[in-house]
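Q: What follows is each chain in one-letter form.
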Amino acid sequence: MSTPVAAGTLSASSPAASRVRARRWRRRLSALGESAPATVGIVIVLSWVGLALVAPLIAPYPPNANDMTALANTTPSKAHWLGTDQLGRDLLSRILWGARPVLVIAPLAVLGAAALGSLLGLAAGYYGRWVDLTITRACDIVLSFPVIILYMIILAHFGSSAWNIIGVLTLTKAPIIARIVRGMTLDLREREYVAAAKMRGESALYIMLVEILPNARGPLVVDMCLRTGYNVIIIGALGFLGIGLPPPDPDWGGMVKDTYGLMMVWPHMALFPCAAISSLVVGFNLLAVGLRELGLRD
Amino acid sequence: MTDGPLLDVQSLSVAYTTRAGEMAVIPGLSFQLNAGEALGLVGESGCGKSTVALAIVRYLGRAGRITGGRIRFEGRDLTTLDEAGLRAIRGRRIAMVYQDPMASLNPVMTVGRQLMEVPMTHEGVSATSARARALAMLAEVKLADPEAVMERYPHQLSGGQQQRIVIAMALITGPALLIMDEPTTGLDVTVEAAVLDLVRELRSRHRSAILFISHNLGSVVRVCDRVAVMYRGELVEEGPVRGIFTNPRHPYTRGLLDCLPTLGSDKRQAPLVPIAGQVESALARSPGCGFAARCPQVEIGRCTSRPIPSSTVHGEPDHRVACVRADELARWTRRSGTGGAHDADRAREPMVAVRHLTKLYAPRQRLRLRGSRAPVRAVFDVELAAGRGQTLAIVGESGCGKSTIAKVLSGLEVATAGGVSLDGVEVGALAVDARDATLKRKLQMVFQNPDSTLNPSHTVGYAIGRALRRLQGRSASDTGAGVARLLDVVKLSPAMAARTPRQLSGGEKQRAAIARALASDPDVIVADEPVSALDVSVQAAIVNLLTEIQAARGATLVFISHDLAVVRYLADTVAVMYLGTVAELGPVERVFAPPYHPYTEALLSAVPVPDPDHAVARILLEGRVPRADEIPRGCPFATRCPRRIGPICDETPPPVQRFADHRIACHIPGDELQRLQAPLVEPRAVGR
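From first to last, the protein sequence lines are chains X and Y. Going by the numbering used here, the residue at position 96 of the first sequence is 96; the numbering climbs one at a time, nothing skipped. Converting from the second sequence to the numbering used here requires adding 1000 to each position, the first position being numbered 1.
Covered, in the sense of this in silico footprint (three residues per stretch, anywhere, with C-beta under 8 Å from a C-beta of chain X), are these stretches of chain Y:
1. 1410–1419
2. 1445–1456
3. 1466–1476
If you're looking for bench data, these hints aren't it; they were derived computationally from the structure. Please read these numbers as outputs of a predicted model, since none were measured by experiment. Note that beta-carbon positions come from the ideal geometry of N, C-alpha and C, so glycine has one too.
Given only the sequences and the hints, what does the whole structure look like? Please build it.
A: This is how it looks when you write it as structure tokens:
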């Protein structure tokens, strides 16, 4: 929350200031702990992050190793706690490994969308007139496309890779963030501290980034959290449509796609990856709810 | 009904549960209210006035709860009543009027339906008779054309009209008790005067008792029989209006009266005496007097060791005070002027001069179906000037264009026509971006709203330091000392630099904002309503600070306000504005003495004065301020002027009559005005 400009304003009292800041963060975290949904959300999200981090250490099998002996019975057993898929690959290992790309791609795409969307929203809200009109209309056009078709077109054209997925998610989510930031900017730019900044001759960029944006952070953070959850769903959907991460590396959506035809016989093959996706999404949503409560209380 | 008082509050205590723990906001409060009586409850914000009102109707919310005591109303104890019992009383026997009428009215329902709903719900009467009663009530609150008003939605009415509707809703069931919580705080002074008069008149007709909560001592005098002064949840003094306002015994009551600017004196004659410190948190309560820490007459030991009993004031049986030293204190005298001479040399060349300034706002571009709309006229042909070191006050009701002038001066808006010169440089057409560094340094601004004047994301030190670096070219390393020096000028401790605005009180925020404005060592300070959002005790301190800083630096102060008493106190020159034009302009002592412009006369007569002996004939303005797109062709004030002389007022713009340095824009000749008008400011305090 400290802006680059804010750091070192008061060289004499800056240890005090950073102590104050540290105390404030501790207070916020403990307040977050008081909210039941936030606590559950944090536990779910952090568990997944932890599991993803140590997947190479704790996964019982390599994610792509086929165990032909298990094909006789793919259902959960002592050797394969969650069973195997139709190629005899250990589901638990694949799910643990599959958490890694999701937990990198979803937040990165949200950060990209937030950066791009904030800039667009700030410019639209602050300058108004034709800048606003151009940006808002451009955003409307992007938002009016059926997104799945848009993803299919773009990824089919550029090929499917982690970076391309991040790029596509950034481009399609930025307009939504831009709208939120624009609305808040319209309100915040009329504040007296903005007038005071103008009167000391600050540049428009300074006013937008240092005076306005920090005060829009509350709703922005809540939305980013929510949107990370949505991104997890979309990444799953892309995998399901076969335009997600290239095989054979595990990808939750792809795992569902490969096995949903066997639902009637071996439901566990599709259900376990599905459960992984939904638990992560629920985790992010609960965290967003908690953050919103915190924002309302402040 | 049983005998005894209508409302009997006995050692009521209320606590709020906060994250920091249980907070006893009201430790034990007792008072009585008889049928038909009006009791004023006054005190600074945070003293528990509204909590008392909410406790009576048991609307304390989830965090608050009554921890002890009784509230007997019409013989029943409200603290133990169940929900059904409370519902039968709320709205029917006890009605409430709050500060913001827009929040009390349903925006999607017509006023008529909302009014009719009250007797239909509470008394089960038929729609026809409810309608008849609603119409009668609307006529009683003096709304013209009740039939038409019934069909309106709240947003189609002005603030004053909305508050009248709320009052009508409250009184339609003939409640025994009416609780009014700051009912006139958001209203313009002339509207406020009319609403207060209405309350007084309805009171005598309906025989409802009134609990009138206000921070404005003047409005309490106008409405109430008795006054109770609250501090930190305790009654410190209680008695008849006359007793409290002519012979206040408690130091806090005296402090409240001493920090109020009056219409009769200015800074040279009788300086304001602010109350030191601020209301302390209810978390740490000492055993003795709650006011001890701020009291100028405190005697450590006697005042601080044990609870202070309340005693009767000698010779006034109904007047009680909770102060151990009440009998020792000398009798209070109203601050009055000694008749100091004016030292401001008016012939000096102007630092700020506004010449024929006009500002039009283009209407928003929409789909034009029926031609383009005319631009809105915010300010029209205004001429003003302020010399170096002088204070120019611009006064008027909301929408008169006073803030627009501030914006043009500061470059946040540019003039449509005419000019503004700042120390000889023409800046009227220069937006702030187009002004060079010297011009930016010359003029800085102090804003109205303490909550939005400082960026909540930055520390106070950052805000002031940034201004020092941008305007004085200080390097990042030596701003620290500059920040500390500026904080000292505005009487804040250097430790405040590390705080964020959220950790400051309203007065502290405004001080920090003044420090920020002083960073460039400006020649001109434009202050747009800098004290209107503050408590009276804090207001006095900020007003004193501004005058002190101005005198020390020889800066010109352009002070924009709706409060005539504050303006009278600190201005050298006053401009009274109405609908974007200057109605009257002149040295402060001339503007506040006849001949007045009829609008100035109405404004002055409307100011609530906290002195029961101050009786002036009130001039109530009819109608409403015309919208900016329907300004009369002739005199802008013609539609509401009580001294209108005929068609000439509607058709010809009034001539500006000049009497030496005093100007009045009116068709009535000055000597005629002088003959018609009585002085509205108590002459004994003017000291002439």
